[in-house]
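Line by line, the protein sequences give chains A and B.
Note that the UniProt record's numbering has the first sequence beginning at 1, numbered continuously upward.
Note that the UniProt record's numbering has the second sequence beginning at 1, numbered continuously upward.
I should point out that these hints are in silico values taken from the structure, not numbers from a laboratory.
Just so you know, not all the hints are guaranteed correct.
One side only, chain B facing chain A, incomplete, derived with CB under 8 Å [claimed, not checked]:
id: 1; residue: 9
id: 2; residue: 153
id: 3; residue: 386
id: 4; residue: 470
id: 5; residue: 473
id: 6; residue: 474
Nothing here was measured: the structure is a model prediction, and the numbers come from that model.
Glycine residues also receive a C-beta, built at the ideal position from the N, C-alpha and C atoms.
Listed here are the chains, written in short residue letters.
2 protein chains.
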Amino acid sequence: MGKEGKPNFQLKTPKGTRDWAGTDVVLREQIFSTITEVFKRHGGVTIDTPVFELREVLAGKYGEDSKLIYDLADQGGEICSLRYDLTVPFARYLAQNRDIQSIKRYHIAKVYRRDQPAMTKGRMREFYQCDFDIAGVYDPMLPDAEVLRIVKEVFEGLPGWAGKYTIKINHRKILDGIFEICGVPQDKIRMISSAVDKLDKSPWEEVRREMVEDKGLDSTVADKIGEYVKLKGGREIVTRLLEMPEVAGNASAKQGLEEMEILCKYLDIYGVLPALSIDMSLARGLDYYTGVIYEVVTEGSAPAVSKADAAKKGKKEKKSTDPDEDRSNDPTLGVGSVAAGGRYDGLVGMFSGKPIPCVGISFGVDRIFSITKARMDASQIIRPNEVDVFVMALGGGKDFTGLLAERMEVAKTLWDAGIKTEFLWKQKPKLQQQFKAAENGGVPWAVILGQDELEQGQVKVKQMGLPDGHPEKEGVMVQKSELVQELRKRFKGAEEQVLVDRTVASA
Amino acid sequence: MGKEGKPNFQLKTPKGTRDWAGTDVVLREQIFSTITEVFKRHGGVTIDTPVFELREVLAGKYGEDSKLIYDLADQGGEICSLRYDLTVPFARYLAQNRDIQSIKRYHIAKVYRRDQPAMTKGRMREFYQCDFDIAGVYDPMLPDAEVLRIVKEVFEGLPGWAGKYTIKINHRKILDGIFEICGVPQDKIRMISSAVDKLDKSPWEEVRREMVEDKGLDSTVADKIGEYVKLKGGREIVTRLLEMPEVAGNASAKQGLEEMEILCKYLDIYGVLPALSIDMSLARGLDYYTGVIYEVVTEGSAPAVSKADAAKKGKKEKKSTDPDEDRSNDPTLGVGSVAAGGRYDGLVGMFSGKPIPCVGISFGVDRIFSITKARMDASQIIRPNEVDVFVMALGGGKDFTGLLAERMEVAKTLWDAGIKTEFLWKQKPKLQQQFKAAENGGVPWAVILGQDELEQGQVKVKQMGLPDGHPEKEGVMVQKSELVQELRKRFKGAEEQVLVDRTVASA
Numbered sequence: 001m002g003k004e005g006k007p008n009f010q011l012k013t014p015k016g017t018r019d020w021a022g023t024d025v026v027l028r029e030q031i032f033s034t035i036t037e038v039f040k041r042h043g044g045v046t047i048d049t050p051v052f053e054l055r056e057v058l059a060g061k062y063g064e065d066s067k068l069i070y071d072l073a074d075q076g077g078e079i080c081s082l083r084y085d086l087t088v089p090f091a092r093y094l095a096q097n098r099d100i101q102s103i104k105r106y107h108i109a110k111v112y113r114r115d116q117p118a119m120t121k122g123r124m125r126e127f128y129q130c131d132f133d134i135a136g137v138y139d140p141m142l143p144d145a146e147v148l149r150i151v152k153e154v155f156e157g158l159p160g161w162a163g164k165y166t167i168k169i170n171h172r173k174i175l176d177g178i179f180e181i182c183g184v185p186q187d188k189i190r191m192i193s194s195a196v197d198k199l200d201k202s203p204w205e206e207v208r209r210e211m212v213e214d215k216g217l218d219s220t221v222a223d224k225i226g227e228y229v230k231l232k233g234g235r236e237i238v239t240r241l242l243e244m245p246e247v248a249g250n251a252s253a254k255q256g257l258e259e260m261e262i263l264c265k266y267l268d269i270y271g272v273l274p275a276l277s278i279d280m281s282l283a284r285g286l287d288y289y290t291g292v293i294y295e296v297v298t299e300g301s302a303p304a305v306s307k308a309d310a311a312k313k314g315k316k317e318k319k320s321t322d323p324d325e326d327r328s329n330d331p332t333l334g335v336g337s338v339a340a341g342g343r344y345d346g347l348v349g350m351f352s353g354k355p356i357p358c359v360g361i362s363f364g365v366d367r368i369f370s371i372t373k374a375r376m377d378a379s380q381i382i383r384p385n386e387v388d389v390f391v392m393a394l395g396g397g398k399d400f401t402g403l404l405a406e407r408m409e410v411a412k413t414l415w416d417a418g419i420k421t422e423f424l425w426k427q428k429p430k431l432q433q434q435f436k437a438a439e440n441g442g443v444p445w446a447v448i449l450g451q452d453e454l455e456q457g458q459v460k461v462k463q464m465g466l467p468d469g470h471p472e473k474e475g476v477m478v479q480k481s482e483l484v485q486e487l488r489k490r491f492k493g494a495e496e497q498v499l500v501d502r503t504v505a506s507a
Numbered sequence: 001m002g003k004e005g006k007p008n009f010q011l012k013t014p015k016g017t018r019d020w021a022g023t024d025v026v027l028r029e030q031i032f033s034t035i036t037e038v039f040k041r042h043g044g045v046t047i048d049t050p051v052f053e054l055r056e057v058l059a060g061k062y063g064e065d066s067k068l069i070y071d072l073a074d075q076g077g078e079i080c081s082l083r084y085d086l087t088v089p090f091a092r093y094l095a096q097n098r099d100i101q102s103i104k105r106y107h108i109a110k111v112y113r114r115d116q117p118a119m120t121k122g123r124m125r126e127f128y129q130c131d132f133d134i135a136g137v138y139d140p141m142l143p144d145a146e147v148l149r150i151v152k153e154v155f156e157g158l159p160g161w162a163g164k165y166t167i168k169i170n171h172r173k174i175l176d177g178i179f180e181i182c183g184v185p186q187d188k189i190r191m192i193s194s195a196v197d198k199l200d201k202s203p204w205e206e207v208r209r210e211m212v213e214d215k216g217l218d219s220t221v222a223d224k225i226g227e228y229v230k231l232k233g234g235r236e237i238v239t240r241l242l243e244m245p246e247v248a249g250n251a252s253a254k255q256g257l258e259e260m261e262i263l264c265k266y267l268d269i270y271g272v273l274p275a276l277s278i279d280m281s282l283a284r285g286l287d288y289y290t291g292v293i294y295e296v297v298t299e300g301s302a303p304a305v306s307k308a309d310a311a312k313k314g315k316k317e318k319k320s321t322d323p324d325e326d327r328s329n330d331p332t333l334g335v336g337s338v339a340a341g342g343r344y345d346g347l348v349g350m351f352s353g354k355p356i357p358c359v360g361i362s363f364g365v366d367r368i369f370s371i372t373k374a375r376m377d378a379s380q381i382i383r384p385n386e387v388d389v390f391v392m393a394l395g396g397g398k399d400f401t402g403l404l405a406e407r408m409e410v411a412k413t414l415w416d417a418g419i420k421t422e423f424l425w426k427q428k429p430k431l432q433q434q435f436k437a438a439e440n441g442g443v444p445w446a447v448i449l450g451q452d453e454l455e456q457g458q459v460k461v462k463q464m465g466l467p468d469g470h471p472e473k474e475g476v477m478v479q480k481s482e483l484v485q486e487l488r489k490r491f492k493g494a495e496e497q498v499l500v501d502r503t504v505a506s507a
C-alpha cells in the first residue's frame, strides 16, 4: 500500500482486457440473445467447457500461432493453458465422449490470445466467440447449408445489418486443385495458401512478392495463381470453373466444385444466395479446414490498406517472431471479418482416432458489437436497467414521515407480482430526488404515495415523460388494492401505443 | 501422437473442472435465468470483468487462502492471476471508476480456486458464482434488507426450494463485542472468529480445543464464548442480547444489535423473517466483512460430521499447508451453504482510498444445481433442446424422391416465422428414422409432407405422443399456405391444455 491507503500499482485491467459495463454490456447481451435465439431455432444445444485445458490438448493445433497461447503457471500438478478458441475444446469433448456421434452444439464464451492488442480495431487478448458447430455424418452439404442459413438469420436479426453483409466462400478442395494445376509443389501448398489468404488486406503485387521472394515459388507459377484468385462472383463462378478443362480434369477441384453446386442449390432455397460471394482468393489460415470455408465481411469492416503500409507490414512479418508486434494479418481471425468458419473433418480424429466430420461458424461478437453500436442511431436508446416502476413518497416539511414502510410494502407487492421495482433508500427523500433517480434509470412508471391518499386506499400512477397537455400528464389515482392489475393494463397500453407510433412514423 | 492416431495423453478436462452438457446444462441455464430475473427485478445491472486480474489486485485479500490462487505463467509483460471470486474484481472496478458512487451490480461468471476438488460435494476448481452487490451510501439497513429479499425471491423461484432454506445471519459488530466481553485479546479476535465459524461442521468440544490448544486462548474465556455462540433463533435473540447488561454496555455489540433491530423490522415487511435464523455461531472466514453476515443453508446441504472425523480433520489442518489436502472446512465457501455474503465497507477503500460501503450476496450455483436436480421428480422432464417442429417426408419405395427441397422450403418458411424447426439431413430418409429423431429430441410437433398432399397444397400437422383414441392422433391436414398460423394456433392450444391438465392434477 502507498500513502493515503492507495495501492502502489496502477489500478487497471490487464493489457488487452477490459471491463464491460453500462449500456455497452446491455447492447452486447442483446446481441448474445439474438444469436442464441437463432442457434436454438436450429436445434442447437449448448456445451460449457472449462476455460483452461491440458496443454497437450491445444498443442499442435494452431501452427505458428501457438506462441499466442496463455499458459497457467506450473504450481504443481497438471500443466494447463487458457483456451485459444472454442473449436479445439469441442473436438476434445467429442473425442472424449465416444457415445456422441452427432450433435448441433453452440458455445458462447471468452477465448484468450496473447496477441498485440489493438483496441480500436476491436482486437483484444480476452474476447468472446459465439460458435455453432454441427458434428456427424449426413448427406452432403446439408449441414453446411444450414450453417450459412444461420449466418443469414443472425445478421438479419441484428439492428442495422440487413443487406449489409457479404458471405465470402471458397472450398479447400478447389483451392488445392488450383494450386496443383498451377504447379505449386505439394510441400508448399499450405504456405502458399496462407499467402493467398492475405489478399483481402494486401494488393496482389505484395502477395506475389511474398510467394516468390519469401516462399521461393517460381514466378510463372505465381502468375498462374494470380489468374485464378481474381475470380469472384455469384453461382456462375462454379460453372465457369467447371468449363475450364484443366480444372474439370483435376480430381480435387472437380469434387470441390460439385459440392459447391449442391450447396448453391440449397442456399437458393434458403434465400442465402444474394449474400454469397464465391471468392477464389479466400483461403483461411487454419490448417484443419478440409471443405467449404467462409468469412463474413461488412461495409466498413475491412480496413483500407495502402500499398506502402502493406509493404512495410510484409517486411516486418518476415523477420518477426515477437508476439508483441502488430499482427494485423492474423490469419486465424482475419481483420475485417465478423464471422468465419468452415468444414473440418479431421480434427476430432486427431484426438481419438475416431473421425467425426464437423462444420461450423464462429461469430466475432466484440467486433459485431462495435459495428452495431456505430450503426445505431441516437433514437435507439438503450436503458441501463430494466426497472418498470419507481415507488415514491409525496410530501415534505416537518410532519413528513417519508412513508418508508409504505413504500417498502408497495415494492414488496410489486416484486411478488414479478414487476421490476425500485424506490429510494432514504427515510425522508425529497420528491425531486426521487424523480431524478427514476429519470436517471429511464424508469417509465412512477407510483406516488401520499399520506392522505393512502388513508383512502389510493395511490397515484404516473407515466414518466408524457408531453405537456396529455390528459394523464399529472398521473391518475387508482385503488391500492388494484395496483398490480392497473399497472399491467397500462404497461400493455403503452406497448401498443409504441407500436402505433412506430407505424405512423414509418408510414 | 500414439499409434492409430490416438494421442499419448489421457483425454480429459483438467483436475477439478468438468464439461457441462445435455440436460445438466439446460437445468443450470434455467437456474441462471431465474436468478437473473430476480436481480433485474431489483434494478440490477451487470458488469463483466476479465477472467484474470493483475496479481497485485488479488494480493492481500484472501488471507491464507491466497495459496489457492491460480497464477498465469510469466510469458513476459504483466503478471496476472485468475480471479478467485467476483467481489474483489468488483471492488477494483469501483475504485478504478471514480465517477461511480453507487451501483446495484450483478455478475454471473466462473471463479477459480486451486483447492482439493471434491466433485461429489460439488466443490470444484472452476465453478460459477452469481453475485449481487449494492454499493453506495444509503440510510441504514435498506440495501441489506433488499439483498435478503433477493435471497428469498431466488430460492422461492427455484423448483423444490420454497420453505426449504434457512438464512443464518449474524453481525460482525455483535460478534466483536461478544469477544471483547469474553476477554479475547484484540490480536486474537480474527483467529477466534475463524474457529467459531467451524461450528456448523464441528462440535463445540473440537472448536474449544482448537481455541485453547492451537490458538492459546484462556480456557475460561473459551467457556464464556461457548455460552454466547449457543444463542440461535428468531428476532427475540436480539431482544435477549440487548437485555444482557454486559452486552448492552459494549459499544460495538450495541451498535450491531440496533442495526439488527432495524433490519428485522424491514425483513418483516418484506416477508423474509420466517426464513431467518439469527445465529451467534456464524462468523464467516473472510476478513473484509464489517457488518451483517449471512449464509443460506438447506435441508441436506450440511453434511453430518462425526466427532472422530472432526478430530481427525482438526489435527490434519493444524499441520497442513498443502493446498492439495482435503479442506472441507474452507471458510470462504462453507460446506453446506448455498449462498453467502455480508456487508464490506472497507474493501473498495483498500484500492483507492475512496471508501464506498458495499453489501452483497453470492449464490453457489453448482451446489444449488446439484440439490435442485436431486429434488426434481421424474415427471419434470427437461428437454435437451427447444425444437418445436420436425419436418418429415412421407413415402418409400423406388419412386420416393425424399422430398428434400420441399422439406427445406417448409423449414425455411418456419425459420422465417421464428419457429424452431429441424428435419433429417438425408436425401431419402425412412419415416421411422424421422419419427425416432423427433422423439429423441422430445420435439412436440411433426409436419409431414406427402407427394399427393403437396400437389393439393396441403401438409399434415401432427402432435407427437397423443394417446390412442385421441381424435387428432393421426394428425390433421392443413393448407400449406396457412401452416405458420395453424401451428401457432395449435402451440397456444397445447399450452392452455397443459395448464388445464396441471389444474386438474393438483385439484
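Each hint, compared with the structure:
1. The closest approach between the C-beta of residue 9(B) and any C-beta of chain A is roughly 4 Å, which is under the 8 Å cut-off, so the hint is satisfied.
2. Of the supplied interface hints, the one on residue 153(B) holds, with its beta-carbon coming within about 7 Å of a beta-carbon of chain A, less than 8 Å.
3. Contact between residue 386(B) and chain A, as hinted, is supported at the beta carbon level, the nearest pair being about 5 Å apart and thus within 8 Å.
4. Below 8 Å, beta-carbon pairs count as interface contacts, and residue 470(B) has none with chain A, the closest being about 26 Å; its hint is therefore violated.
5. Interface restraint check for residue 473(B): the shortest CB-CB distance to chain A comes to about 25 Å, outside 8 Å, so the restraint is violated.
6. Using the Cβ-Cβ criterion of 8 Å, the hint placing residue 474(B) at the interface with chain A is not satisfied: the shortest such distance is roughly 25 Å.
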